[in-house]
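Participant: Letter by letter, the chains look like this.
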Amino acid sequence: MPIETTINGTAVRVESTPDTPLLWVLRDELGLVGTKFGCGRALCGACTVHVDGRAVRACAFPIRYAAGKEIRTVESIEETEVGRAVVEAWVGEEVVQCGWCQPGQCMSAVALLKEKPAPTDDDVDAAMSGNLCRCGTYTRIRKAIRGAARALADREENR
Amino acid sequence: MSRHDDARREGLSRRAFLRGAAGSGGGLVLALWFGPRLVARPFSSVEGAAEFAPNAFLRIDGDGGVTLLAKHDEMGQGIHTGLAIVVAEELEIDVAAIDVVPAPSGPAYRHSLYGVQGTGGSTSTWTSFDQMRQAGAVARTMLVAAAAAEWGVDAAECSARDGKVVRRDGSAERSYGSLAAAAAARPVPAEVALKDRSEFRRIGRSTPRVDSPAKVRGTAVFSLDQRRPGMLVAMVERPPTFGGSVKKLDPDAALRVPGVRRVVEVESGVAVVADGFWAAKKGREALVVEWNGGLGASIDTARLRREYTRLAERPGRVVRSDGDFEAAAADADELFEAIYEVPFQAHAPMEPLSCMVELKADGGAHVVTGSQFLGIDHPAAAAALGVDPSRVTFENSFLGGGFGRRANPKADFTVEAIRVAQAVADLGVPVKTVWTREDDLKGGWYRPMFVNGVAGAVKDGKLVGWRHRIVGQSIAVGTAFEGAMLEDGVDSTSVEGAADMPHGVPNLRVELSTVSLAVPVQWWRSVGHSNTAFAKECFLDECAERVGKDGYEFRRELLRGHGRLLAVLDRAAEEAGWTDPPPAGVGRGISVHESFKGFAAHVVEASVEDGRPRVRRIVCAIDCGLVVNPDQVVSQMQGAAIFALSSALSSEITFTDGRVDQGNFDDFPIVRLHEAPPVDVHIVDTGGEMGGIGEVGVPGVAPALCAALHQVTGRRIRRLPVGDQLRS
Amino acid sequence: MPARRTSVPRSRLAVVAALLIGIPLALARPVPPAEEGEVDAESAFGEIARVLRHPRCLNCHPSDDRPTVGDDARRHDMNVQRGDDGHGRVGQRCDTCHRDENQPLARIPGAPHWHLAPRSMGWVGLDDHDLAEALKDRTKNGGRSLDDLREHMASDPLVLWGWNPGPGRKAVPIPHSRFVQLLDTWIDGGAPSPTPGVTSSF
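Residue numbers (the numbering used here), protein chains in the order written: chain A, 1 to 159; chain B, 1001 to 1728; chain C, 2001 to 2202.
FYI, nobody ran anything at the bench for these hints, they're computed from the structure. Among these hints, one or two may not hold up.
Incomplete in silico selection of chain A near chain C, CB under 7 Å [what the hints assert, rightly or not]:
| id | residue |
| --- | --- |
| 1 | S108 |
| 2 | A111 |
| 3 | L112 |
| 4 | A126 |
| 5 | S129 |
| 6 | G147 |
| 7 | R150 |
| 8 | A153 |
If you anchor each label on the Cβ, the simulated ranges turn out as follows [stated by the list, open to error]:
| id | chain 1 | residue 1 | chain 2 | residue 2 | range |
| --- | --- | --- | --- | --- | --- |
| 9 | B | S1245 | C | P2104 | 25 to 31 Å |
| 10 | A | E78 | C | D2184 | 39 to 45 Å |
| 11 | B | A1584 | A | D121 | 37 to 43 Å |
Note that the Cβ used here is the ideal one computed from N, Cα and C, for glycine as well.
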């Protein structure tokens, strides 16, 4: 039975077997390859997407759970102000090395900042420790999140 | 003795095997880099021909688009940006205006030193520096000449600036794009003038990475992201023990999985070919395979440790011998020994391996992958196909991490993908062979396990004797590099960092026992140094303790006359506040090591919580000579420290009954954000030769960490990873 | 209604024996499980305590803010923490990874409303006596009556998951029906709290 869901604002009908992880529906069927594969067991966070606004590992999300949900991937990250601030901070702080984990990192950061616009270091530790980076960009990830939070706060103030 | 001197001068590394391959940096002979035959040739990976292609690296289109074909692979180290900066410096154009794409496989893109196309050994920047400057300067010279001809003036009256040629009197200017066609018609100059270093405006300034925006937005294309119409996905079930083979295969259950098209036996195992990743994975889970154990079936880490340790207690092949260690030992006030061990280590790049093959009607193929070593993959693919290399084309992608794994000396993942494609050739579609994380961690090609037996002799409060015995596999034996990398049976990468140690110890002996084992091994970020620096620096700390000296002062004394090592050592100590005591409960360790023509010192601060180390801070100083992009040097050193910390603290590959015990990031833990300390990086420029960066930041971290842990616990950690050793 | 057995429960015998011969209590534990069959309320609780102390239950009933995982009850990786509502903290909620069912290929356990028991229901470090007290204490047990408690343990899918934990995890080693039977015995027998100092486990 097809599954009806919304991906990046577009209604999508998916015919995949219901146990297919969202990750492979995105990558193999819809061609949305910005969501990355790193472990297949929700251990690395490279496949982080948003389901109804919350961070979810797409490799551990059988597509049947997507029915009626609102899914957002990195491809639509800049459609929100928080997303734009995160992308800007990530580029500005030169976080990236190989880049494979970074879409997932950014999606986790957006999920954090949406709920906690002024996260403490401890909040960052709690939200971001599910996202591995083998290149070791953590120092800069921290900095970028602080930067994005600051930029969002400044914008809020100037409003 | 003289041979060792030579070897030391050469740096005893991968460089050694390529001596004489393609000249070393500094030769400003244009023809060496791009002969006239290559001028204005179209490139297979880029659509259409450029209006102006002065050499194999640059194309300038009529609309002003500038493309740089990067001869080195971008795997995170920022080389696309680095090459662009160097080209832009001479071409006089904004770095951001350059579109950098991976070069296809081709002779023009050979490594300037290794002679085969590839990226590794922390060599990209310094071996390509002059070549890229010339590439930019040639283009600039031709553009200026074209404008001068048009204006009917002498070229000396024109100059290039910000993507334009301008007349010095300010009367006219032309964009590069508008000059492209005219420039293309001009002869390639035999010699070009390069800027003096004092004129550099881009080299040496922190410049944004050219690949950041696309990587953050998820639009950068990596190997695993590559798709083609009709493409199938293959997953290979490999033998659970190295050297194993299929005994009995029952494909029926796998073939019943919806989406599975074929189950085929290939050299490396059993391939499940399916419509997509998930079907392939489910199909592979459903396979019923009985395996023959093979040579590796009895490999067991506990036993290997015992056997290696026994070998470390016996003499090996002498690689270096200064003075007379035995005499010094006999005469010593104190003689002491320690065994240091490092395990097999997986590279575990975040992007698992993949390789797509599109077979061609003429027997050739188009291969799309993420490789550090097209120069090996290309001929290997051609050989597997049984065709001339000219029938095979390669397209490289961004690499989601490499760390050496994607520079496989036997082109393992490329040849396997060719075999899979051949096995289902009748389907007539491209096939992408993908690896899971489990495949990656269990699939071999590790940094070898090593055991080091180190002995020290102290006389009158001075270190007078040092003997370092190294036991481990060679990464060169059995590969195409065996002839070049081995000298008198010694793999230079097994002893690098030990055989060339510069410390002033009068009686110094280094020995090697090379072990043969069925575990496939290869270079892993910092290669032999990842072992030797651990043993060397840790034992130096033990020696310092014996003679009652501080680790920093002790190193300073032994390194007298080695300006670059001393400069980074002093800087790291100073920045870390070495002379001030660390906070209560925190230990502090220091190390300094040269590798890949780079000089790095590390200070690590750590405490112990619940029996586990907690790293508080890492301070490092690096001297790699002239720096192209300082922020990326900092980034590399920060990342290298975290990479090194994972292997120092927690990750390892072990064997039980021939099988790899680890499978994913739960049992191969790497450092997570909440465990990652801040890493402060300080660049030191002593005016020395240009050197490497990517690997240089790895070797010194583990020993400095262990020194810090010793300070807080009084215990010497002599085996990596630290793991739970402090709990018992 | 099962007939009460009058013999002294084994657990208590063990304690007595330990006291008599001077073995420290810590060495006398854990006591072996009683044979299946009818038991009195107090020994029934010993059996119940074994189940509650099984990693399938205890991993999500920590006494601090961090869940444990696996048969060896190691700390949950990824810096996962309780959060305000027991469903994790912002950015890493339980449902970031856990679904309503096990995911065998990913080896991720799952059940409906996967989350941590409230801190007041942290059982780590409690002996049988304190565990029984904590279970009965409405200020700690989420305001549940004994019947509510029975209902939770008899039918909550999250509890039932302990008997169907997916590959790589040991299930609770006694049948769920037996567990419910023991609960009935304990509750019907007045839900007594065992003598302090005993910690029953498998």
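Participant: Hint by hint, note whether the structure agrees.
Facilitator: Here is how each hint holds up against the structure:
1. S108: holds, 6 Å
2. A111: holds, 5 Å
3. L112: holds, 4 Å
4. A126: holds, 4 Å
5. S129: holds, 4 Å
6. G147: violated, 17 Å
7. R150: Nearest chain C Cβ about 18 Å off; hint violated.
8. A153: Hint on A153 of chain A: violated, closest Cβ of chain C at ~17 Å, above 7 Å.
9. B:S1245 with C:P2104: 25 to 31 Å: The hint (25 to 31 Å, Cβ to Cβ) holds, given that S1245 of chain B and P2104 of chain C are roughly 28 Å apart.
10. A:E78 with C:D2184: 39 to 45 Å: violated, 59 Å
11. B:A1584 with A:D121: 37 to 43 Å: violated, 22 Å
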